[in-house]
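Visitor: Put together the whole structure using the sequences plus the hints.
Protein sequences, first through last, are from chains Y and S.
Quick note on this note's numbering: the first sequence kicks off at 152 and runs consecutively.
Quick note on this note's numbering: the second sequence kicks off at 678 and runs consecutively.
These aren't lab readings, by the way, just hints derived from the structure by calculation.
Using N, Cα and C, we set each Cβ at its ideal position, and we do this for glycine too.
Incorrect hints may have been included.
Simulated restraints, written as ranges between beta carbons of each label pair [claimed, not checked]:
#, chain 1, residue 1, chain 2, residue 2, range
1, Y, 269, S, 812, 55 to 61 Å
2, Y, 308, S, 872, 31 to 37 Å
3, Y, 190, S, 1117, 54 to 60 Å
4, S, 680, Y, 306, 47 to 53 Å
Selected chain Y positions facing chain S (Cβ under 8 Å, derived; list incomplete) [unchecked claim]:
#, residue
5, 165
6, 168
7, 169
8, 172
9, 176
10, 209
11, 210
12, 213
13, 214
14, 217
15, 219
16, 221
17, 222
One letter stands for each residue in the lines below.
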Amino acid sequence: MKHTISVLLQNRPGVLSRVTGLFSGRGFNIESLCVAETLESDVSCLTLVTTGDNFIIEQITKQLHKLIDVIKVTDISDKEYVEREMVLLRVKADANTRAEVLRVVDIFRGKVVDVSPKSYAVEITGSASKIQAVIDILRPLGIKEIVRTGTIAMARANKG
Amino acid sequence: MKKITGSQAIVKCLQEEGIKTLFGFPGGAVLDLYDQLYDADIQHVLVRHEQGAVHAADAYARVTGEVGVALLTSGPGATNGVTGIATAYMDSIPIVILTGQVPTPLIGNDAFQEVDIVGITRPCTKHNYLVKTSADLVPTIREAFHIARSGRPGPVLIDLPKDVVAGMISYPEKKPIRMPNYQPTYEPHIGQIAKACKAILASSRPVLYVGGGVILADAHTELIELATRLNIPVTMTLMGLGAFPGSHGLSMGMLGMHGTYAANMAVADCDLLIAVGARFDDRVTGRLDAFARNAEIIHIDIDPTSISKNVKVNIPIVADCKYALTAINNWLNSETIPKPGDASARHQDWLATINQWKTDHPLSYKDEGDIIKPQYVVEKLDELTQGEAIITTEVGQNQMWAAQFYKFNKPRRFVTSGGLGTMGFGLPAAIGAKIAFPDRHVIDIAGDGSIQMNIQELATARQYKCPVKIAILNNGYLGMVRQWQELFYDKRYSSTIMDTAPDFVELARAFGAVGLRAVRKSEVVPVIKEALATDNVVIMDFKVAKEEGVYPMVPAGKATTEMLLV
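Guide: Here is the structure:
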């Protein structure tokens, strides 16, 4: 099953390779990984998406927690959460397809961020499944280039 | 405040941490430090290969319970130490490794003797550091020692660029270590303790399965109290040997691949398995789905990642073994039953079954006239040292025979590479142990293959007047691999025949040590006696039965009840 895990880390050299080394060394999966500073410049937040049964996810969270530079590990998918991913796509946009591309971008509430005579660069954010849907629809029109960020996620606040 | 050099600060900081001995090998990147050590009040043991320095520091830590320290130069000095570091990591041994590094402006430039040792050792250290400024030196060293010795212990490496060590600093005052993110759990959860105690009292066929964690936590007294008050039979892992007295009636000896028949049968048949400071290693469990199939499992371990890693646990207790066992004993004290005196009445049927297993299939070997059986040598070493020696081992058959036939009655007497299985460990380890305890007999039980992996350390032993004894069980083979080839590869002895070996007696002489040889059984005792009476390094070359195997043996992937017996 897919899990989204959020890790707060000391922002020190080599800390990312401690995390990725742990995953490769123990044969755990990383589907996507995103990392950047938090409000405090000496703390980073890393969001990673991984798959595994409960047994494996328990090991992953425990092993992450065991790293000296790790401050906090949360399996966000344990509870209600929001996740977002962003994709930049360069799509073929000639006289025949331009209107169709714009329509799709509009439906998915995306933005055109770069225009050339033969292509549009578009930006779309959303859940991983929405991103996948956009890609599937634009693919027949001709995707020339694609860059995805990987998922970031945040637990929903308690209601009330 | 008066400024001092980085190297002065490092030495001062090491002394502050109580370090009296370093094991190391000099080089360009650590010249400043070595200059400081020239007249410092700290002993430096010059090894002949950096792997030996780390193994010696590791053994020093294993026998004393303190942190061992190794000092290596950059590049090849550091990489030569990696096997030693991985060895300590697998067995959770607290050591600090100081490595030299090229000056910071050269890092990343492929400078002479530069290597990214922090990157290389990341997966085999508990933590590691590259010190970037002189001001960070002392706080980093303090933190490193704290990490090495606390929680589940382990090796910590500090990489020291030459310019950082040469810099001037004012020595920072010692403050309590503050690491909010690193807080190992020592105290057990009291609710879990109560649950465990109730399970223990309700059990009719309990087994204590004890690992190296009990030794690391110095929890042997508490373990003996628990086992004897409730008559619970005890089995130990390779790393746990000595945690419970091997000659005690409740001891079943080692379990697992080369464990005793009684221990493996008892674990398979028990209704409650109490794992203390052990990690359900594959050499212990054999086929997982058949391991302790009928048992409820209590698992005490300070490292949460060890719990439910290989085997599903019913009552997990994350805690230091000493704290947890104390809490269990206290809980039992507060109950009306059973008082310590009732112990003799408990589990009589269960113990009778176990004793029957012990009688039916004791550890044994076939005596063959005047041929020396390796097991006989270990028995005689045990007898002639009254089980009081510190035994180090290499890896392979020699290690298993040492584990089976030397009766370890006290903790910190058996020094062996358990997790990594490092050949070449025994001799440098013996030196480290002997430096820690000059008045004890220290014997490396070795094979003719393993001993050649770090034989150069004979010179170190001689230089520092460490009269360690080396008992080579010489069968002219890489015996354990040969045994597998015999059993599972149709006796195709691919690259395991070691018939070209040095004359170990002559070799000893070349190093200024003493060489003795026994080729007949009747010569074994006189050779051991002479070795123990000699105030010099001694190699005992025992020409043993060539194709002797280690039994019982659980073939890889089989259930531990499917033992091949003698």
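Visitor: Are the hints correct? Go through all of them and say.
Guide: To see whether the hints hold, each was checked on the structure:
no.: 1; hint: Y:269 - S:812: 55 to 61 Å; verdict: holds, 57 Å
no.: 2; hint: Y:308 - S:872: 31 to 37 Å; verdict: holds, 35 Å
no.: 3; hint: Y:190 - S:1117: 54 to 60 Å; verdict: holds, 57 Å
no.: 4; hint: S:680 - Y:306: 47 to 53 Å; verdict: holds, 50 Å
no.: 5; hint: 165; verdict: holds, 6 Å
no.: 6; hint: 168; verdict: holds, 7 Å
no.: 7; hint: 169; verdict: holds, 6 Å
no.: 8; hint: 172; verdict: holds, 5 Å
no.: 9; hint: 176; verdict: holds, 5 Å
no.: 10; hint: 209; verdict: holds, 7 Å
no.: 11; hint: 210; verdict: holds, 6 Å
no.: 12; hint: 213; verdict: holds, 4 Å
no.: 13; hint: 214; verdict: holds, 5 Å
no.: 14; hint: 217; verdict: holds, 6 Å
no.: 15; hint: 219; verdict: holds, 4 Å
no.: 16; hint: 221; verdict: holds, 7 Å
no.: 17; hint: 222; verdict: holds, 5 Å
Of the numbered hints listed earlier, not one is contradicted by the structure.
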